[in-house]
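Colleague: Using the sequences plus the hints, can you model the full thing?
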Amino acid sequence: MLRGKEIVLGVTGGIAVYKAVELLRLLTKAGAVVHVVMTRAATEFVTPLTFQTLSGQPVHLELFNLISEQQIGHISLAERADLFIVAPATANFIGKVAAGIADDLLSTTIMATRAPVLIAPAMNVNMYQNPIYRENEARLKGHGYLFVPPACGMLACGYEGEGKLQDPELILEEAVAVLTPKPLAGERILVTAGPTREEIDPVRFISNHSSGKMGYAIARQARLRGAEVTLVTGPTAITPPLGVAVIRVESAEEMREAVLARLEETDIVIKAAAVADYRPRLRAQMKVKKTAAHLAIELEKNPDILAEIGTRKEGRVLVGFAAETEDLVANATLKLTLKNLDLVVANDVSQEGAGFHVDTNIAKLLFRDGRVEELPMMGKDKMAGIILERVAGLRREQGRGK
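One rule links them: number in my numbering = place in the sequence shown (from 1) + 218.
Since the hints were derived computationally from the structure, they do not count as laboratory data. Any given hint might turn out to be false.
Restricting the straight-line Cα-Cα distance to at most 25 Å, the calculated cross-link-like pairs of lysine-lysine (PhoX-like) are [as the list claims (entries may be wrong)]:
id : residue 1 : residue 2
1  : K557      : K519
2  : K531      : K519
3  : K582      : K553
Modeller: Laid out in structure tokens, this is it:
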């Protein structure tokens, strides 16, 4: 993801410094060369040796270093960086940068860099809500600095609320987003994901094995490529990607309403959700008791969301998924035609590595013009990227994409 990229990781003083160690590990694992700059306060929490060992690079501490000053150390760091990350960033440090103060190596290097700067704040909830801090953050955003919002939860000071350093994996995701080319910039993409649930009674429901992993991967990769993404999701256990508008639904009818309400403001629709085909005709108001040897439930068809969108397609690109256990190409081709799709992602869920709740997939891409592209087993994020490349190509064919 970040192979060949040079990243400067600035670490300021706070209890969340230990998370910067994990972030460093993730950045190096993703292929980046990471140069760590620590403030003096940061070294009170974690030693420079820890960061040096994990990065394989010397840790930078002093503005005036007699060994390397002939290279003007802070300028050298500033110029070589593809990206600058500050995590954790204290309220004090953010205020200093907002005021244009450059009195140590980290603040001086930030002032000198032309690379994008990504700041991950960590502080007490009251400090985070302080209007002076808010003004400082807004000022930096106005100058093009990027922020990863803090997480909500129990803070080290005993307070609960916003202020926790965001999860290192999500900071990594933001770093990748900043450095990823943006072929889908300006595109508005709606992605559906996960299963739906059709209630039998207040306790039981009809659903399926969909985990939502493929849809979430598409939403994440679309956002990385610059799209404005809305994710309409059924119940899943997955954390949504940062920077994506999330609409949570339960039933097929709720998903239909959410999708159609946003259709007019959408350029591309990717329907990766596994929507229940049927629902109970009547929902019991009370729990159905286990009194009889047999129970018959009358089912009725759910609305076909994809087919309905196909009748209102206009200039949009419409992508569907076909999860089959037999006659894969025939069934997917029929879906492509009947639902007026531009592309169908077809996979045989009976194949090992292509079923539900796994991190890999195997698929065939079927296009409206008759092309078929086979995708071997690969991670769902990688497959999502390929699908989006093909979608971008379809938009270019329409004369609408980049």
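Colleague: Hint by hint, work out which the structure violates, then give me just those numbers in ascending order.
Modeller: Of the numbered hints given earlier, the structure breaks none, since each of them holds.
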